[in-house]
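Starting from the known structure of chain G, fit chain V onto it as the hints suggest.
Top line first, the protein sequences correspond to chains G and V. If you want this note's numbering, it's the 1-based position in the first sequence plus 48. If you want this note's numbering, it's the 1-based position in the second sequence plus 226.
In short, the hints are calculated from the structure, not lab data. Take the hints with a grain of salt, since some may be wrong.
Claimed, not checked - Straight-line distance between alpha carbons at most 25 Å, and here's what the computed SDA-like set of lysine to any residue pairs gives:
#, chain 1, residue 1, chain 2, residue 2
1, G, K234, V, A392
2, V, K339, G, Q238
3, V, K327, G, S257
4, G, K234, V, G240
A quick note: this is a predicted structure, and the numbers were derived from the prediction, not measured.
Each chain is listed here by its residues.
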Amino acid sequence: MATLHTRSAARLMIAPSVLLLLAWMIVPLAMTIYFSFLRYNLLMPGMEEFAGFSNYSYFLTDPAFFQAIFNTLAIVLGVLFITVVGGIALALLLDQPMFGQGIVRILVIAPFLIMPTVAALVWKNMFMNPVNGLFAWVAKLFGLQPFDFLANAPLMSVILIVAWQWLPFATLILLTALQSLDEEQKEAAQMDGAGAWSRFIYLVLPHLSRAITVVILIQTIFLLSVFAEILVTTNGGPGTQSTNLTFLVYAQALLQFDVGGASAGGIIAVILANIVAFFLMRMIGKTLEA
Amino acid sequence: MGSITLSKVSKVFGAHAVIPSIDLDINNGEFVVFVGPSGCGKSTLLRLIAGLEDVSDGDIVIDGKNATELPPAQRGLSMVFQSYALYPHMSVRSNIAFPLKMAGEDKAVIDKKVSDAARVLNLTDYLDRKPRQLSGGQRQRVAIGRAIVRQPKAFLFDEPLSNLDAALRVNMRLEISQLHQDLKTTMIYVTHDQVEAMTMADKIVVLNRGRIEQVGSPLDLYHKPDNLFVAGFIGSPRMNIVSGSAASAYQAHTMGIRPEHLVLSKESGAWQGTVGVAEHLGSDTFLHVNVDDGIGTVTARVSGDFAVTHGDRVFLTPDPQRVHRFDDKGLAVR
Chain G
49 MATLHTRSAA
59 RLMIAPSVLL
69 LLAWMIVPLA
79 MTIYFSFLRY
89 NLLMPGMEEF
99 AGFSNYSYFL
109 TDPAFFQAIF
119 NTLAIVLGVL
129 FITVVGGIAL
139 ALLLDQPMFG
149 QGIVRILVIA
159 PFLIMPTVAA
169 LVWKNMFMNP
179 VNGLFAWVAK
189 LFGLQPFDFL
199 ANAPLMSVIL
209 IVAWQWLPFA
219 TLILLTALQS
229 LDEEQKEAAQ
239 MDGAGAWSRF
249 IYLVLPHLSR
259 AITVVILIQT
269 IFLLSVFAEI
279 LVTTNGGPGT
289 QSTNLTFLVY
299 AQALLQFDVG
309 GASAGGIIAV
319 ILANIVAFFL
329 MRMIGKTLEA
Chain V
227 MGSITLSKVS
237 KVFGAHAVIP
247 SIDLDINNGE
257 FVVFVGPSGC
267 GKSTLLRLIA
277 GLEDVSDGDI
287 VIDGKNATEL
297 PPAQRGLSMV
307 FQSYALYPHM
317 SVRSNIAFPL
327 KMAGEDKAVI
337 DKKVSDAARV
347 LNLTDYLDRK
357 PRQLSGGQRQ
367 RVAIGRAIVR
377 QPKAFLFDEP
387 LSNLDAALRV
397 NMRLEISQLH
407 QDLKTTMIYV
417 THDQVEAMTM
427 ADKIVVLNRG
437 RIEQVGSPLD
447 LYHKPDNLFV
457 AGFIGSPRMN
467 IVSGSAASAY
477 QAHTMGIRPE
487 HLVLSKESGA
497 WQGTVGVAEH
507 LGSDTFLHVN
517 VDDGIGTVTA
527 RVSGDFAVTH
537 GDRVFLTPDP
547 QRVHRFDDKG
557 LAVR
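Isolated chain V (complex conformation):
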């Protein structure tokens, strides 16, 4: 139905290899998220799969059929763009109907599919409006509607939520996850936001400088990061990375400890430091503590009612079960 296999796919722009070589299997029905910092090649990788860019080398296999040389329309994929890319002069109805019209479908079939899609996406009342008369979230839904009417083998999302405000983003995240539950179609989703990646994905692909750093389920990446990059990228706030003598105490070149795995006390502990900034979120408080002995600033999460202010002396103890150890190449030691 919708399995995609990349083997030794590379992309070179001039002398610059954006993607040196990537192997990746995406199973049918999976929700895969490509995540990484800007410029890591995640959008390029998506565009290679879509066929909007030519691969420099390697093969893209969709449903067991080599699609490397196929034009975008024949790959059976649909894409939701960051800017939504709606056709501004067409009504919502014509926008959603456009792929069907291009496929030469029957008028009655088109009408039925469009109204079905509109019902699923709560767009029925807006079918005769133009895109510019819609809000950001509605435009987003139209773009998704245009993608689902074709019943593609897989959906490709290119940072679809980055133009929405924070509240709407949380909503649309849920709606897209819900859509995936309903349709059970393969989805590939590109984002730079690790929260989106963690909340939506079945499988996260962490990319850095065109290379895959790690592939795994969200909790896999959270609990067992393969290397320093993944450790620092997944999780919010970021994992504290400490090297030097403090790390040697844990038999590691570099150690990592997440803010939520630091035990805070006012009496005793492994590390001692001064509270710098305290961020009160209500449920939790994030403390930025300047730890002595050259360890530097460490972030710790405490419950919201932990009474502490700027300048207080506190003690921090890493939970030994939750310490991540890395060798001198930044790879995890387990």
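Next comes chain G alone, as it looks inside the complex:
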């Protein structure tokens, strides 16, 4: 990019991809914004009319909306907590020399390769089912009443399932970061009299901070829009106890046939996601620069 010529050539070269990306993003966004101002119900085709901000005011005053916001945040924070803490613990374990290391590492990655719907159905029917599930069997083994996870603690169950899926991702990233820690630094800390716990706090954790940041950023993007796990397990219920924002938009559009209201919800979700992203970058983006 040294001369004026190469610079303008470079601009010309990247123009098609930029235009394509722009169209890909702008068109759906513009249509969603447009729909969000219409009274648009699938049961009344051809009756669309301009509705102003009424779609927004209905969506924002819906009691399910606040529940959905809370659930969305609970899923994001809950899963992040489990995967980061569990990921660090697993990475530390997998970093130890052991027999069959390669196979164990592949096994650990496996949950990430399973489709969300399949994983959620396996959990729903084989683990959490109060009659046939593994957990119920264990409970009965100890003479306890089986716990109906999806009915009594739906949000926690969803968090558990999603965390199980994302744990390998966090483990993998943290493990590679852990392996890049200089051996001599650990030895120096050992010579300096730091025990295992001090070495973890003062050496390992600061070294992992960048990897943890990456895990949090990437996972947040995906966790804000968890959908399949909710659809196949609790269907957002009981009531709206496990409905997050994505699921609420889906319910509005395809269960209540209200495309206008759903579009307004979608736009609100986009705005909220941007607010979260803004604070996230402010809070932990600093570690990435260092």
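Here is chain V on its own, set in the frame of chain G:
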């Protein structure tokens, strides 16, 4: 204070004995250098003393106390690593304070010791910087600072100067020697560079394939090498090693003569040869002479103004007082 005794120490990795068996006494306050070619086990030996590796057999006694089974932190030694191993996310101050903090020292005591160490090492202005904002020499000094605040019984240096450029290396060599004069603490220093060994050591331990070839003061090793290996390793440029009939003339299986102990002449001498390459350093010139009669290439040192060029015929005479004689097993004959 800081005497270290190794008795029958050995280290085995799998089936491979890196160090077969070593006995060594290091006196309090000594500057001991372990020197040898790469893979001779010198770093392993240092790590055994530090406690970073377990000994396979034998005992390590520090200050009269058996330390063989002690963890590194309890041996009272500190170590400066080849890569310096500074903690990258900590400031220079926290780096130096780290061992004290781990020892649970008082905040005020830590501050005082850190600022003292920083003053000794000229780091006062850099205390709030991170290691990556420092030059190689400064990082080196931080690593030394982290080692001295603990007031250890002995310092261990693992090739600390190998990551520095040549000019800085000479400087740091002086600084470390000066530090040893000031602190009078035992220091064990590992290097593959015989110049570092010669200039800094009170006592050099020459290692080869896990065995000690010779222990002695720098000049001892220079003047009286016990065997061919030490003779070839100590001294720069290397000693000329000649065997065959030329050596028989000196009643030896193999003879060695240092480049600085060859007398050069254009008229007459014991050996005759053709000048190959001449390396002019200004003060001295090193001549690589292809000597006739099957003796081969011999290096000779002459003064810088000795006029000679490629292809000239010259005569070389070994100084008979300075000839080293070795028997057929490579051991010195005296």
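For each hint, the structure was consulted:
no.: 1; hint: K234(G) to A392(V); in the structure: 29 Å, violated
no.: 2; hint: K339(V) to Q238(G); in the structure: 20 Å, holds
no.: 3; hint: K327(V) to S257(G); in the structure: 22 Å, holds
no.: 4; hint: K234(G) to G240(V); in the structure: 24 Å, holds
Violation of the numbered hints given earlier is confined to hint 1; every other hint is satisfied by the structure.
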